[in-house]
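Go ahead and model the full structure; you've got the sequences and the hints to work with.
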Amino acid sequence: MAFDPPPLNTIVHDEVVPARAPWLHEVKAGQTLRIVDLEGNQAVDFLAYSAADDAERYSAQDTIAAQKNIFLREGAVLLSNEGRPMMTVTATAVAYHDTIGGACSCESNTLRYGHHTKSQHACVENFLVANAAQGRGKRDMVSNVNWFMNVPVEADGALGIVDGISAPGLYVDLRAEMDVVVVVSNCPQINNPCNGFDPTPVRMIIAQ
Numbered sequence: 001m002a003f004d005p006p007p008l009n010t011i012v013h014d015e016v017v018p019a020r021a022p023w024l025h026e027v028k029a030g031q032t033l034r035i036v037d038l039e040g041n042q043a044v045d046f047l048a049y050s051a052a053d054d055a056e057r058y059s060a061q062d063t064i065a066a067q068k069n070i071f072l073r074e075g076a077v078l079l080s081n082e083g084r085p086m087m088t089v090t091a092t093a094v095a096y097h098d099t100i101g102g103a104c105s106c107e108s109n110t111l112r113y114g115h116h117t118k119s120q121h122a123c124v125e126n127f128l129v130a131n132a133a134q135g136r137g138k139r140d141m142v143s144n145v146n147w148f149m150n151v152p153v154e155a156d157g158a159l160g161i162v163d164g165i166s167a168p169g170l171y172v173d174l175r176a177e178m179d180v181v182v183v184v185s186n187c188p189q190i191n192n193p194c195n196g197f198d199p200t201p202v203r204m205i206i207a208q
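The numbering of the sequence shown is this note's numbering, which starts it at 1 and goes up by one.
Quick caveat, the hints were computed from the structure, so don't treat them as lab data. The reader is advised that the hints may include incorrect statements.
Okay, the calculated beta carbon distance ranges per label pair [to be verified]: (1) 61 - 155: 19 to 25 Å; (2) 135 - 169: 34 to 40 Å; (3) 134 - 157: 33 to 39 Å.
Just so you know, even glycine gets a beta-carbon here, dropped at the ideal spot from N, CA and C.
This is the structure:
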């Protein structure tokens with residue numbers, strides 16, 4: 001686990017994604033996507049689709065089964081539903097990242113936190129907005145990665161959503177193993193500590 005970010009080569013895209021906002025961009029094979037948690041304790045919900053055929057997309061099940069672990073660490077390979085490598089975690093300043101916590105939605109907010117939260121924006125809505133630009137809808141949503149999010153599994157199998165393990169300026173680097181379309185929800189959740197109850201911006205850098 002590297003705390004000092006490795007140098008990037010030629011930067012081809014550099015964008016700050018506001019708190020609560022969606023983001024979509026293509027990352028070519030061989031390019032690196034660096035996600036930077038600018039202010040700390042911010043969860044970044046993440047999906048990836050093959051740029052050649054978006055019926056091929058990130059598969060949590062295949063990824064977890066292949067690495068025999070529910071957490072993503074340096075060296076982890078994100079596999080598609082065809083069992084092919086999509087992206088590799090080449091460096092990270094955070095010990096591990098979540099694969100099972102899922103994306104918040106208006107419905108899950110209502111169930112967990114009360115009916116007064118139903119109108120609050122959520123990650124599912126961000127994914128739908130971003131995906132709509134390329135003709136994808138609800139049926140194209142799958143279980144997502146949550147970069148920087150801390151979802152411990154207790155001895156009895158219960159899941160917890162607790163304070164994140166990130167800090168200002170920490171990052172994760174992902175090398176694309178095929179041309180991929182990355183879709184992100186910079187998580188807007190304010191009802192649990194995954195964002196410290198205060199969503200903040202993140203930085204997305206793509207380099208050759």
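Verification of the hints:
no., hint, in the structure
1, 61 - 155: 19 to 25 Å, "23 Å, holds"
2, 135 - 169: 34 to 40 Å, "36 Å, holds"
3, 134 - 157: 33 to 39 Å, "37 Å, holds"
Violated hints are absent here; each numbered hint is respected by the structure.
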